[in-house]
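Peer 1: Below are the chains, spelled out letter by letter.
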Amino acid sequence: MAVPDEPGGPGWETTAPAAPVPAPRPPAAPARTRIVLAEVRRGSRADRTRSELTQQTRIGDTLVRGLVRAQLALALRLSLLVLIGLGGLPWLFAIAPSLGRTTVLGVTLPWLLLGVVSFPFLIVVGWAYVRLAERNEQDFTDLVQRPER
Amino acid sequence: MSNGYVVPAIVAVTLVTVGIGFYGLRLARTTSDFLVASRTVSPTWNAAAIGGEYLSAASFLGVAGLILKYGVDVLWYPVGFAAGYLALLLFVAAPLRRSGAFTLPDFCELRLGSRRLRTLATVFVIFIGWLYLVPQLQGAGLTLATLTGSPYPVGALLVAAVVTANVALGGMRAITFVQAFQYWLKLTALAVPAIFLALQWQADARPAVTPPDGPAFRTATTVVVEHHAALTFADGTIREVRPGDRLDFAAGDPVPEVSGTATKAIDWLLPDTAGNDDRGLFGTYSLILATFLGTMGLPHVLVRFYTNPDGASARRTTLVVLALVGLFYLLPTIYGVLGRIYTPQLLVSGQTDAVVVLLPGAALGDGTTGRLLAALVAAGAFAAFLSTSSGLLTSVAGVISTDVLGHGSVRGFRLATVIAGGVPAVLALNVSGLDVSQVVGLAFAVAASSFCPLLVLGIWWRGLTDLGAAAGVLVGGGAAIAAVLVTVLGPPLSGWPATLTAQPAAWTVPLAFTVMIAVSAASRRRAPADVGATMLRLHAPDSLRL
Numbered sequence: 649m650a651v652p653d654e655p656g657g658p659g660w661e662t663t664a665p666a667a668p669v670p671a672p673r674p675p676a677a678p679a680r681t682r683i684v685l686a687e688v689r690r691g692s693r694a695d696r697t698r699s700e701l702t703q704q705t706r707i708g709d710t711l712v713r714g715l716v717r718a719q720l721a722l723a724l725r726l727s728l729l730v731l732i733g734l735g736g737l738p739w740l741f742a743i744a745p746s747l748g749r750t751t752v753l754g755v756t757l758p759w760l761l762l763g764v765v766s767f768p769f770l771i772v773v774g775w776a777y778v779r780l781a782e783r784n785e786q787d788f789t790d791l792v793q794r795p796e797r
Numbered sequence: 003m004s005n006g007y008v009v010p011a012i013v014a015v016t017l018v019t020v021g022i023g024f025y026g027l028r029l030a031r032t033t034s035d036f037l038v039a040s041r042t043v044s045p046t047w048n049a050a051a052i053g054g055e056y057l058s059a060a061s062f063l064g065v066a067g068l069i070l071k072y073g074v075d076v077l078w079y080p081v082g083f084a085a086g087y088l089a090l091l092l093f094v095a096a097p098l099r100r101s102g103a104f105t106l107p108d109f110c111e112l113r114l115g116s117r118r119l120r121t122l123a124t125v126f127v128i129f130i131g132w133l134y135l136v137p138q139l140q141g142a143g144l145t146l147a148t149l150t151g152s153p154y155p156v157g158a159l160l161v162a163a164v165v166t167a168n169v170a171l172g173g174m175r176a177i178t179f180v181q182a183f184q185y186w187l188k189l190t191a192l193a194v195p196a197i198f199l200a201l202q203w204q205a206d207a208r209p210a211v212t213p214p215d216g217p218a219f220r221t222a223t224t225v226v227v228e229h230h231a232a233l234t235f236a237d238g239t240i241r242e243v244r245p246g247d248r249l250d251f252a253a254g255d256p257v258p259e260v261s262g263t264a265t266k267a268i269d270w271l272l273p274d275t276a277g278n279d280d281r282g283l284f285g286t287y288s289l290i291l292a293t294f295l296g297t298m299g300l301p302h303v304l305v306r307f308y309t310n311p312d313g314a315s316a317r318r319t320t321l322v323v324l325a326l327v328g329l330f331y332l333l334p335t336i337y338g339v340l341g342r343i344y345t346p347q348l349l350v351s352g353q354t355d356a357v358v359v360l361l362p363g364a365a366l367g368d369g370t371t372g373r374l375l376a377a378l379v380a381a382g383a384f385a386a387f388l389s390t391s392s393g394l395l396t397s398v399a400g401v402i403s404t405d406v407l408g409h410g411s412v413r414g415f416r417l418a419t420v421i422a423g424g425v426p427a428v429l430a431l432n433v434s435g436l437d438v439s440q441v442v443g444l445a446f447a448v449a450a451s452s453f454c455p456l457l458v459l460g461i462w463w464r465g466l467t468d469l470g471a472a473a474g475v476l477v478g479g480g481a482a483i484a485a486v487l488v489t490v491l492g493p494p495l496s497g498w499p500a501t502l503t504a505q506p507a508a509w510t511v512p513l514a515f516t517v518m519i520a521v522s523a524a525s526r527r528r529a530p531a532d533v534g535a536t537m538l539r540l541h542a543p544d545s546l547r548l
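The listed protein sequences correspond, in order, to chains S and E. The working numbering puts the first residue of the first sequence at 649, with every later residue one more than the last. The working numbering puts the first residue of the second sequence at 3, with every later residue one more than the last.
Bear in mind the hints are in silico, worked out from the structure with no lab data behind them. Cβ atoms here follow ideal geometry from the backbone N, Cα and C, with glycine treated the same way. Treat the hints with care, as some may be off.
Claimed, not checked - So the derived label-pair ranges between C-beta atoms look like this:
1. S/R749 with E/G21: 13 to 23 Å
2. S/D790 with E/A531: 42 to 52 Å
3. E/G369 with S/P768: 45 to 55 Å
4. E/T516 with S/D709: 23 to 33 Å
5. E/V13 with S/L740: 48 to 58 Å
6. S/L791 with E/T121: 36 to 46 Å
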C-alpha cells in the first residue's frame, strides 16, 4: 500500500499548497517518514482460492458445486417438510374423515389448521431457511478466505 | 345502495396513489430509476411493496367470496398464495437477484444465451400479465357497480386510466412507495372492520355459522339473481333462475340450496373425503401445486426482486413478505365465515365476490359506523385493484419496451405502458363472465407450468439447454394455456375433462419439468460453455465480491 500524501513523504516541501483541507501544519520536524518499497501481499492464499473460483479451475469448480449442492439439499429438505406437513392434509382428511370433524376450541380442525396454523408454520420454515442458507454461505466464505482450515 | 362515504373514500385512495406517484416522479431520472428503482429500496419498504402489489382483487375480494361459497376446501387458496413465497424463497430469490437480470427474458438470455428463448419468454410474460390484468379491471368495474350503481365500464376504465398514467409518469420508483402504502391500507381496510364484525357477532349472541337447519335469512331480503342456477327450496321444489330474476324472502326463511355451491352445512364445513369424489382431491392438489409454484413465475412478482441490493437482502425481503402476506390472509376467512350468517343472499344471487364490500353494511346496519367501515373496505378494494394492476403493468411494459419496441429509453417505456394498459382495458370491456378467482388461478397455473421449471432448473441444474427450456415452456405452458382457453371460451364440460382443464397444474407442471429435463438431456451438447461461471455468479455469497 503506497502512502503518497503523508506529510513528510517525497515532495512534501514543494507541493504542500495543493492540499485542499487547511489542516494544521505539522511541526517543523516530521515525526516519521514512511518509504514503501513493495506492497506486502496479505491473504495470498485467499486470493489464490478466489482466482481458482473465477477462473473455473477444477478446485474452484468443485467448491462451487459443493455450495450449490448444499443449498439445493437444504431447499429440498425444507420443501419436503412443507410437502408432508401441509400437502399431507387433504389426503389425511380424505382417508380419515373423523379427523376432519374433530373440534379444537370450538373450531373444526381443518379450519384451524388451514385458516390459522399454516401461516406461522410457513413463516417458521422460511426463517429457518434464511438462517441455514446464510450459514452455508458463511461456511463457503470461510473456506475461500482461509483455505488452510 | 346509497352510502355517501364510498365515493369520497375511493377518490381519496386514487388521489393519494397519484400523489405519491408524482412525489416519486421527482426522484425518477433515468431508465434504471424507472425499471428497478435504481436498486436502492430498503428491504422493509420493498417487502411492503411486494406484499401490496401481490394482494390483488382475488385476495381482497375473491378469497372471502370463495370461502362463503365453497367452505373449507378453498382455504387452500390463501395458504397457497402465501406458500408461493416460501417456494420463491427456497429456490429462486437470492440466485435470481445475483444473476443481475432485469426481467425474466433477461434471465433466459443470461443463463442460456439464446435470443429465441428470450422472445418466447417475452410472449409468456405478456400473456400471463394480461391474463392477470383483465380480472383486476373487471373486479374494479363490478365493485364500483355494486357500491355506487355506476355502469360497469366506469370502474374498469377508471382503474386502467389511473394506473396507466401513474406507471407511465412515475415508473417503478413511484410504484414502490405507492405499493408499500397500499399494503398497509389493505391490511387496515380488512382488519378494522373485521374487529367490528367480530364484536357485532358477539353482541348478536354468537349466531351459529352452520345452524342445524341450514342458513337462514336474518332480515327480509330481495335477491336479484346474477348467475344462472338451480335453487332447491326447503319444501323440495326446484326452481331454475336466470340473471335478472327477483326473489323475495321473509326474515327467518331458510336459504335455498344453490346448485354448484356448498350450501349444505356439512359440505361447507368439512373437507372432501375419499371415495366420495376423487376429482375434488385432484382439484385440491392441482390448486396447491399451481399456487405454491406459480408465484415465482408471475412477472410482476419477479421484477421486484431486482430492486434488492444483493442476494442476501433479496432473501430477507422474501421472508418479510411471507410474514406480511400470511398476516393478511388470516382476515378473508373471517369475512367468508361471517358472510354465511349476515349475507346469505349472495349465495342465491351468485355475487359472492361482493361479500367483503357488503358485509360491514349488512352486519352493522345503516348507521355511521357501518357506512364508514363499508367505505374503508371499498377504499381497500380499490387499493388492491390499483396496486396489482400497477405492478403487472410495470413488468409488462418493461418487457414490451426492451424486447418488442427495442429501445430502453424513458419515452419508449411510456409508449409501452400505454400499449400494455390499453389492451387489457379493451379486453375487460368486451369479455364478460370471467370469474375473478378462477382466472387468477389459471394465471398461476400457466406461470407454474412455464416459468417455474425454467427458473428452478436454470438456477440449480447445469444440464439445462436452450432447446430443453424452450420445449418445456412450449409444451407445459402451452398445455396450461390451452386449458385456460378451453375453460374460458370453450363449451361447458363435466366430469374429468372439466377438472383437468379447470385445475390443470397437477398434470401440466410435471409435464413441463419432464419435457425440459428430457430434451435438455438429449441436446446435451448445446449446454452453454460458460455455465460454470454463471453458477458461480448465481450462488457465490455476496460478501466474497468475486
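Peer 1: Quick check on a hinted range of 42 to 52 Å for S/D790 and E/A531, using CB atoms only.
Peer 2: Given a distance of about 30 Å, which is not inside 42 to 52 Å, the answer is violated.
Peer 1: Could one say that the CB atoms of S/R749 and E/G21 fall in the range 13 to 23 Å?
Peer 2: Since the Cβ atoms of S/R749 and E/G21 sit about 52 Å apart, the hinted range of 13 to 23 Å is violated.
Peer 1: Should the hint that E/V13 and S/L740 are 48 to 58 Å apart at their CB atoms be regarded as holding?
Peer 2: Given about 49 Å between the Cβ atoms, the range holds.
Peer 1: Between S/L791 and E/T121, does the beta-carbon spacing fit 36 to 46 Å?
Peer 2: The hinted range 36 to 46 Å holds for S/L791 and E/T121, with Cβ atoms some 41 Å apart.
Peer 1: E/G369 and S/P768, beta-carbon distance inside 45 to 55 Å?
Peer 2: violated, 36 Å
Peer 1: Within 23 to 33 Å or not, the Cβ separation of E/T516 and S/D709?
Peer 2: holds, 28 Å
Of the numbered hints stated above, those contradicted by the structure are hints 1, 2 and 3, listed in ascending order.
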